[in-house]
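4 protein chains.
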Amino acid sequence: MQEGDFVLIQVEDKRFLRRITKDFNLNYKKRALKFEDVVGKEFGTLVNGFYLLKPNLEAIILYGFKRKTQIIYPKDAFYIAFKLGINKSSTVLEFGIGSGALTAVLSELAGRVVAYEVSPEFYKNALKNWDTFGLCKNVEAINQDFMDADLSGREFDACFVDVREPWLYLKKVHSVLKNSAMCGFLLPTTNQVSRLLQEMDGLFAGVEVMEILLRKYKPVYERLRPEDIMVAHTGYLVFGMKIM
Amino acid sequence: MQEGDFVLIQVEDKRFLRRITKDFNLNYKKRALKFEDVVGKEFGTLVNGFYLLKPNLEAIILYGFKRKTQIIYPKDAFYIAFKLGINKSSTVLEFGIGSGALTAVLSELAGRVVAYEVSPEFYKNALKNWDTFGLCKNVEAINQDFMDADLSGREFDACFVDVREPWLYLKKVHSVLKNSAMCGFLLPTTNQVSRLLQEMDGLFAGVEVMEILLRKYKPVYERLRPEDIMVAHTGYLVFGMKIM
Amino acid sequence: MQEGDFVLIQVEDKRFLRRITKDFNLNYKKRALKFEDVVGKEFGTLVNGFYLLKPNLEAIILYGFKRKTQIIYPKDAFYIAFKLGINKSSTVLEFGIGSGALTAVLSELAGRVVAYEVSPEFYKNALKNWDTFGLCKNVEAINQDFMDADLSGREFDACFVDVREPWLYLKKVHSVLKNSAMCGFLLPTTNQVSRLLQEMDGLFAGVEVMEILLRKYKPVYERLRPEDIMVAHTGYLVFGMKIM
Amino acid sequence: MQEGDFVLIQVEDKRFLRRITKDFNLNYKKRALKFEDVVGKEFGTLVNGFYLLKPNLEAIILYGFKRKTQIIYPKDAFYIAFKLGINKSSTVLEFGIGSGALTAVLSELAGRVVAYEVSPEFYKNALKNWDTFGLCKNVEAINQDFMDADLSGREFDACFVDVREPWLYLKKVHSVLKNSAMCGFLLPTTNQVSRLLQEMDGLFAGVEVMEILLRKYKPVYERLRPEDIMVAHTGYLVFGMKIM
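Residue numbers (the UniProt record's numbering), protein chains in the order written: chain L, 1 to 244; chain R, 1 to 244; chain Y, 1 to 244; chain P, 1 to 244.
Don't take every hint at face value.
One copy or two, it doesn't matter: identical chains are merged, so the pair holds either way.
As a list, the in silico DSS-like pairs of lysine-lysine whose alpha-carbon atoms are at most 30 Å apart [stated by the list, open to error]:
{"hint": "1", "residue 1": "LYS30", "residue 2": "LYS88"}
{"hint": "2", "residue 1": "LYS66", "residue 2": "LYS88"}
{"hint": "3", "residue 1": "LYS41", "residue 2": "LYS172"}
{"hint": "4", "residue 1": "LYS171", "residue 2": "LYS41"}
For the record, the hints were derived by calculation from the structure and aren't laboratory data.
Predicted model, so just to flag it, every value in this text is computed and none were measured.
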């Protein structure tokens with residue numbers, strides 16, 4: 001580890017994602033971790049009760065990304081990315097970008113991501129998040145309402161839509177997708193899901209609606225039990241494949 | 001679509017994954033789909049009430065893979081693959097392969113997968129599954145107990161273990177992982193999780209235990225509701241990062 | 001146990017609820033249980049691999065009630081009964097009765113239940129269910145649409161509504177409830193819940209919407225784990241208290 | 001409502017359970033509710049944005065009971081009470097009492113409850129909780145370890161055990177239960193469940209293990225969705241029926 005690197009610090013059951021800078025300083029219950037304790041060490045080292053670990057994409061999203069809006073949680077984003085059926089030869093369309101969490105996940109699996117975000121504030125924040133962690137090199141991000149996007153002649157292998165009224169965009173989405181391409185949606189309310197399902201009819205087949213629940217356990221071998229509290233809802237996922 | 005291709009057929013709320021052969025024939029409630037109806041058609045076409053769709057990896061695993069043992073479900077496999085923190089520059093270790101579902105998912109995200117399976121029957125079945133669908137080109141599969149593997153000098157970026165008594169392998173796993181590399185486990189019972197947690201102590205940090213529940217809804221806009229029945233358990237996921 | 005009694009028979013992980021008659025005969029995997037094996041025995045006895053147990057209300061509802069319609073599951077019925085805030089001095093209103101499962105539960109806790117069912121078929125079936133098991137002595141059952149009920153001058157301490165379009169009955173329900181009385185509803189779809197919530201506004205306060213999930217585990221001490229499959233949905237519960 | 005009564009106050013999505021005393025005063029977002037606003041009013045009245053409602057047993061337990069220890073949640077207590085198969089003619093045994101929540105629920109359904117609590121602090125607190133709300137008139141509470149209880153010649157129709165090491169008490173419990181009587185247990189960890197299951201063998205049949213999850217929704221008709229956060233775990237329920 002050297003100056004400028006990010007480190008995931010595990011101390012007891014707490015986690016911190018921090019950049020190693022000259023003035024780095026983490027205090028936890030009378031224990032302290034400073035720049036000199038970290039720099040030059042290998043990931044995987046235990047220093048003064050602090051484990052210094054290499055952050056994976058999940059840790060970066062959960063603890064490193066600045067949020068201007070609700071993020072798409074890793075549990076959902078990981079499922080979405082594979083569900084879209086994409087790989088290194090695929091070009092994926094996404095809108096809106098939000099805080100950029102899903103984009104970062106799609107970017108790992110797809111060849112290319114074309115992503116729209118109408119809000120200048122969210123757009124700038126997402127770009128900053130990616131830049132900070134060196135992510136999304138294969139992403140073409142556009143600060144524009146997808147409705148106004150000029151995509152004549154372009155075709156996408158898959159699409160993910162995270163906006164409040166996705167039904168307004170359905171025909172345009174349909175027009176730029178390859179036949180049988182998967183399109184996904186995330187929606188917080190049942191009313192939105194109902195409305196979307198109604199409008200997808202005739203444009204998409206194999207429609208699925210689902211939610212993913214992640215339940216964590218306290219990792220104590222002699223007292224194994226779920227956490228007291230869990231996230232009960234992030235959103236409903238809707239998927240369908242473009243029909244002609 | 002041409003002879004030899006796989007097609008995902010959606011008819012009402014049923015799904016079939018079939019290879020297009022000369023004698024292809026699917027009957028569903030008095031409707032029939034034959035070779036001539038399918039060959040030459042584009043994915044996304046509706047023929048006689050049957051939607052002809054392009055199968056994604058999830059469909060291939062769920063409907064196409066032959067199972068000699070319990071598969072790792074896509075809901076779990078997708079999460080695992082990203083959680084392991086792997087990308088195109090990573091080499092992942094996996095054992096046991098089982099029916100090869102997780103391997104196929106890891107293979108999409110990682111640069112290289114080295115996978116062990118002790119049972120000749122499972123091993124052959126997994127290879128057949130991959131071969132049938134043209135998957136896992138970057139996988140080095142070995143029909144051997146991981147315990148007997150000669151890995152001197154090799155180092156892995158991540159590992160996933162799906163065997164009944166993973167604690168027996170912990171020290172060897174630890175010895176071939178890079179520092180801070182993520183190692184995951186899938187275990188069906190709480191007794192196994194307890195035992196594993198006990199043995200991971202001192203070898204792995206940032207240990208997490210969780211389960212992922214996928215709840216599907218009937219995609220009917222005016223009567224939106226969950227399915228009557230759901231999979232209640234596939235397994236507990238355990239993750240930890242190698243410490244020195 | 002004597003002729004005419006009901007017995008809950010547990011053999012391995014299977015359960016049967018049977019009446020002891022002269023021609024009683026239960027076969028399970030080469031083992032047989034006959035009238036002579038059971039009559040005169042005490043509950044709690046093990047005979048030939050069959051445990052002879054006394055059925056509780058849950059067992060009666062799940063294994064003994066004939067169903068002409070979807071029952072309200074014990075997990076929901078038990079919660080509803082207490083949630084309604086009733087006791088021996090309360091009179092509860094219920095419609096529709098359906099197969100009579102909830103009525104049987106309410107009847108245990110309330111002083112009196114007044115219950116309506118419009119379908120003659122369901123009505124007769126519910127009465128038969130209660131009669132068979134000697135339940136619901138304090139229930140006044142009426143084969144009538146609640147809309148047509150003459151309830152002038154009557155007041156109820158609580159109410160439960162299990163019909164497809166409960167909003168049609170809201171004003172009448174409101175008019176026969178005591179101030180602050182709890183009223184509950186069971187609805188299978190989110191669309192119905194939305195519609196009901198909209199119509200409850202101004203008539204009920206403290207409105208709650210919830211679902212109850214019961215997850216069973218295999219009771220094997222050295223391999224403790226959830227069942228593979230669970231009931232994913234029975235219905236959404238809605239509760240509110242009458243306001244003036 | 002008069003001085004000394006308890007009132008459940010609903011204001012927006014917040015709830016308060018309060019006793020009406022001369023110095024009663026509730027402030028919420030610039031609105032105030034005072035003694036004069038409440039006394040003499042009927043339950044069900046809206047005063048200044050505050051709904052004045054009659055508390056049911058659930059509200060009393062959740063918002064009124066003082067807790068010296070983790071309570072048994074209403075969702076669990078309601079299920080337990082009916083599962084035990086008790087009614088007005090039953091005498092139920094319970095230990096330990098804890099904060100007295102389950103006792104209050106059992107007391108509504110059973111004829112008589114005999115309840116033990118070893119801790120003088122918990123015992124006094126439970127009695128105070130019951131006394132405050134006029135509950136548990138049919139409960140015989142004893143400040144003693146159940147192990148030391150002299151129960152010669154007594155027989156119980158059902159039993160519920162909420163202690164850390166229930167297996168230590170199993171033989172005694174078995175000796176005071178009627179044949180086929182249901183006995184229930186609440187345990188937070190899987191290790192305890194495993195241990196208990198092992199020890200129940202040969203003493204109880206029809207053993208079941210389960211957990212009950214209650215998921216609440218935001219009661220907003222045009223934006224229906226689950227709450228963001230839910231209670232993920234209160235405990236595992238174990239039930240078995242005494243065999244001879």
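Violating hint indices (sorted, rising): Those not satisfied come down to hint 1.
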